[in-house]
Amino acid sequence: MSILGQAIDLVLSADAELGRIVGLSLRVSLTATLIASLFAIPMGAALAIWNFRFRQVLIVISTSLMALPPVVVGLMVYLLLSRAGPLGSYGILFTPAAMIIAQSVLIFPIVLALTREAILPLNRDYENLLNALNVSPTQRLKTLIWDARFAIVTALLAGFGRALAEVGAVIIVGGNIAGFTRVMTTTIALETSKGNLQLALALGIILLSIAFAINILIHWIGSFGRKYQVVR
Amino acid sequence: MQHLKIQDLNYTSDNALLLKEINVSHENKGVTAIIGANGAGKSLLLSALHGLITPTSGRILWGDTPAVDGKNTRGYVFQKPIILRRSVRANLAYPLKVQNQPKADQTAATDRMLELSQLSHLADQPAASLSGGEAQRMTIARALITQPKTLLLDEPCSNLDPASTKLIEGMILRFVADGGSVYISTHDMAQAKRLSDVVFFLETGRLLEHKAAKDFFAAPTTREGKAYLSGDL
Amino acid sequence: MRFITACCFLLFSTMTFAEDKFITIASTTSTQNSGLYDYLLPQFTKETGIDVRVVAVGTGQAIKIAKNGDADVLLVHHRSSEDAFVADGFGIDRRDVMYNDFVLVGPKDKANFENLEAALTTFSSSNDYTFVSRGDDSGTHKRERELWAAFNLSPQGDWYREIGAGMGAALNMSASIEAYTLSDRGTWLSFGNKGNLDIVAQGEDMLFNPYGIILVNPAKHPHVKIDMARQFSDWIISDRTQSIIGEFTLNGMQLFCPNANPEQNIDVICPSSVPKVD
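Residue numbers (this note's numbering), protein chains in the order written: chain F, 91 to 322; chain W, -19 to 213; chain E, 471 to 748.
A portion of the hints provided could be inaccurate.
Label pairs and their calculated CB-CB ranges [what the hints assert, rightly or not]: (1) F:Gly109 - W:Ser109: 39 to 49 Å; (2) F:Trp236 - W:Gly150: 32 to 42 Å; (3) F:Ser299 - W:Asn139: 48 to 58 Å; (4) F:Gly95 - W:Ser109: 23 to 33 Å; (5) E:Lys664 - F:Phe144: 50 to 60 Å; (6) W:Gln105 - F:Gly95: 50 to 60 Å; (7) F:Trp236 - W:Ser(-7): 51 to 61 Å; (8) F:Trp236 - W:Asp141: 44 to 54 Å; (9) F:Arg145 - W:Gln105: 29 to 39 Å; (10) E:Gly627 - F:Leu210: 49 to 59 Å; (11) W:Gly43 - F:Ser226: 15 to 25 Å.
Below, simulated DSS-like cross-link-like pairs (lysine-lysine); rule was C-alpha separation at most 30 Å, straight line [as the list claims (entries may be wrong)]: (12) F:Lys232 - W:Lys83; (13) E:Lys664 - E:Lys612; (14) W:Lys60 - F:Lys232; (15) W:Lys129 - F:Lys232; (16) W:Lys60 - W:Lys(-15); (17) W:Lys(-15) - W:Lys0; (18) W:Lys0 - F:Lys232; (19) F:Lys317 - W:Lys77.
A few chain W residues that face chain F, going by a derived Cβ cut-off under 8 Å, partial list only [unchecked claim]: (20) His30; (21) Leu32; (22) Lys51; (23) Asn52; (24) Ile62; (25) Arg65; (26) Pro75; (27) Val78; (28) Phe197; (29) Ala199.
I should point out that these hints are in silico values taken from the structure, not numbers from a laboratory. For every residue, glycine included, the Cβ atom is placed at its ideal position computed from N, Cα and C.
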C-alpha cells in the first residue's frame, strides 16, 4: 500500500494549512455540539420525565429527524440563509456560522434521543423520592440531568462525532471556501475530486484518529459513571 | 399538637377498591404502627398520608392542611431505599439543596445527619456502595434533614439483619423523644410491639382496629385481628 | 451557567474571524481544481486588502447562487447561460477573462479516433465503450450535451452513465472503469489520479472553453458589494493580471489563455493544442 505510506508521511509532516483545517473542523463541530445540547438536553430530559400533550408526536418527529440525510439538512439551512431566504439579510451563508447552524440541526435529534434514553431509567428510580420531597420541575430537571451526566456526555460525544464526520451539509452551506469554511471532510471531498488520493487519505487518517479518541473517551466516561450506579 | 383526620377515604385502582371507607381521628404523636397482612393496604395508606396518591374519594387532613400540601413538614422513607447517584454526603444534603438552603446550613445539617446515622466514615463514598442497612439509615437521615414534624416509614426494616434493624429503631425512637411523630408500616409484630404507641390494623383495605398498641396486642377486638396476631406470632 | 457562557464564547470566537472586507465569487470547480485561484487570489488580496471567498460548484449551481444574491461575482464557463443571466437582469458587465479547451479523455491504447465526431459516433453505436457524463448541469455537462446534439447523436443506453457529480468524480470513475469522459483541460492537467487515461480527442473549435466574469446586479440585490466586485473585475482583466494568468502553469503546461483584451498584445503564447478563436 504505497498510497497509505504516502498518506502517513503527509500526516506526520502536517503543515499550518492542515492545522487550520483541522482546527476549524473541531471548532465548528464543537460549537454546534454545545449549541445543540443547550436545547436538546433539557428537552430530552423533559420528554423522559413528563407526559404532556404532543409528547408522542415530538418523540416521533425527533426520531425521524435522526434519519435525515445531512444534505437535506444542508439544503434546508441553505434555503433559510440564502439572500433569497427568510434569514438572508444576516448574510451568514458561506460562513462558519452557517456550518455551525447546519451541524446543530443535525446533532440536535441525536442528543435529544440519547438524553431521553439516559434519563428514562433514572427517572423511574428517582420519581418516588422526588415526589415525596416535593421537588420543583426545574430542580427535577437539574437533578436528573446532573445524575445522568456521564451518559449525557457520551451523547454529546456521539453528536460531536457525527458533526465532525459529516460532509453533505457543511459543503452546501459553507461553500468549502479555502482558508475560511474548508474543514476536514470538505477537503477530503475536494482532494478526492482532484484525484489527490494520498492527501484525501491523510485527512481521513486524522479524522479516524479523532473518532478513535472520541470513542475511547466515551468508553472511559461510561466506566467512570458506573461507579455511582446502584448494582441490582 | 397537630391532629390527623381521615374522612371517608376510598382508593380505587383498575376497578379494585384498595382502601375502603377509612375514617380516623388521631392525635398526631408517638409511634403509630400500621399493620396487616400483605396486600392489606399498608403502603397505600402511607402514600395517601403523604399525598403521593390521590384518593378516589374522601380526604386526609394534617391539622387543617390537606395531605398533598405541607410535604416539607413530613419525611418519607420507602421500603426499598432510593439512592441518588451521588456520594452519601450529597444524598443527605439533597433535600436542603432543592430548597436552596445556604451552603453552610447544608453542610452543618449534613454533618449532624452523618453522625446520627453513624455514616460519617462513609460520607464521601458513592451511596451505591452502601450495604442495605447503611442505605436505609441514610434515607432515614435524608428524610430527617429537613427537620420534619412527622416521619412516614414504609417497612423500613424488611430484609435487614437484627443489628441494622436495631440501629434504625434507635433513630426512630430518638426522633420521637425529640417530639416527632412516626407512622411505620411493618409486618414484624415484635417490632410493632417494641416501637408503637398506637396501632392501625388494616385488612383488605379496611381499617379494622385503631387503638393503643398495648390494648391491641393484649386483646384485639375483631376476629380478623385475633386471627392475624395468632397466625403471625 | 458556565456551560452557557462557554457556548456563547465559542460561537462568538467562531463568528469573529469573519472579516468585513471580502467578496464572494460563485465559480466553477474547473477553475478551482486547477489551482488557479490559489495562485491568483493572494496577489489581489495583497494589493487591495480585499479577501476573496470562492464557492466552487458547477456552472449551473454557481448561476443559481448568484441569482439568489449569495455571491457578488460570477465567474463561469457557459456563454449562453451567462448571456441569459445578464439578459434576465441578474448580472451586469460581462467580460471575457480567459479560455482553454475541453478534451475527450479515455483509456490509452483502447482505440484511435479520427476526430471528436468519430469518437462520439462510435460510442453511441457500439456496446464496447462506456461514456461517463457529469449529469450535474455544470458548464462541462452543458457543453457535452451540445456536442451530442451538434452531431445529431442521442446519448442513451447502458453505455452512457450520468453520474451527477463533479469533474473529479467523473475522472476518478472513468479511470477505474476504463470509460471516456469530457473534461476541461485545467482539471485534466491537474488531476492526480489519471491511471490509464489519456487524451483521445482535442483541438477542435467545438471544444473551445471560454470563461467570463459577471457582476451581480446591485439593482436586483442591493446588498452586493458592487464596488469591491468591480475592483476585482477590473483587476482580473488588467494587462498585468492577464499576463499572470497566462504564466500559470502546471507541470510545465499552460492551463489558461487570457483573452480579456484580444487587441492588446499580451506576452503569452497559448499552447498549440488550444484552438485560436477570435
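Status of each hint after checking the structure:
no.: 1; hint: F:Gly109 - W:Ser109: 39 to 49 Å; verdict: holds (45 Å)
no.: 2; hint: F:Trp236 - W:Gly150: 32 to 42 Å; verdict: holds (33 Å)
no.: 3; hint: F:Ser299 - W:Asn139: 48 to 58 Å; verdict: holds (51 Å)
no.: 4; hint: F:Gly95 - W:Ser109: 23 to 33 Å; verdict: violated (51 Å)
no.: 5; hint: E:Lys664 - F:Phe144: 50 to 60 Å; verdict: holds (57 Å)
no.: 6; hint: W:Gln105 - F:Gly95: 50 to 60 Å; verdict: holds (52 Å)
no.: 7; hint: F:Trp236 - W:Ser(-7): 51 to 61 Å; verdict: violated (33 Å)
no.: 8; hint: F:Trp236 - W:Asp141: 44 to 54 Å; verdict: violated (33 Å)
no.: 9; hint: F:Arg145 - W:Gln105: 29 to 39 Å; verdict: holds (37 Å)
no.: 10; hint: E:Gly627 - F:Leu210: 49 to 59 Å; verdict: holds (55 Å)
no.: 11; hint: W:Gly43 - F:Ser226: 15 to 25 Å; verdict: holds (24 Å)
no.: 12; hint: F:Lys232 - W:Lys83; verdict: holds (17 Å)
no.: 13; hint: E:Lys664 - E:Lys612; verdict: holds (23 Å)
no.: 14; hint: W:Lys60 - F:Lys232; verdict: holds (24 Å)
no.: 15; hint: W:Lys129 - F:Lys232; verdict: holds (28 Å)
no.: 16; hint: W:Lys60 - W:Lys(-15); verdict: holds (28 Å)
no.: 17; hint: W:Lys(-15) - W:Lys0; verdict: holds (15 Å)
no.: 18; hint: W:Lys0 - F:Lys232; verdict: violated (39 Å)
no.: 19; hint: F:Lys317 - W:Lys77; verdict: holds (23 Å)
no.: 20; hint: His30; verdict: holds (6 Å)
no.: 21; hint: Leu32; verdict: holds (6 Å)
no.: 22; hint: Lys51; verdict: holds (4 Å)
no.: 23; hint: Asn52; verdict: holds (6 Å)
no.: 24; hint: Ile62; verdict: holds (4 Å)
no.: 25; hint: Arg65; verdict: holds (4 Å)
no.: 26; hint: Pro75; verdict: holds (5 Å)
no.: 27; hint: Val78; verdict: holds (4 Å)
no.: 28; hint: Phe197; verdict: violated (30 Å)
no.: 29; hint: Ala199; verdict: violated (36 Å)
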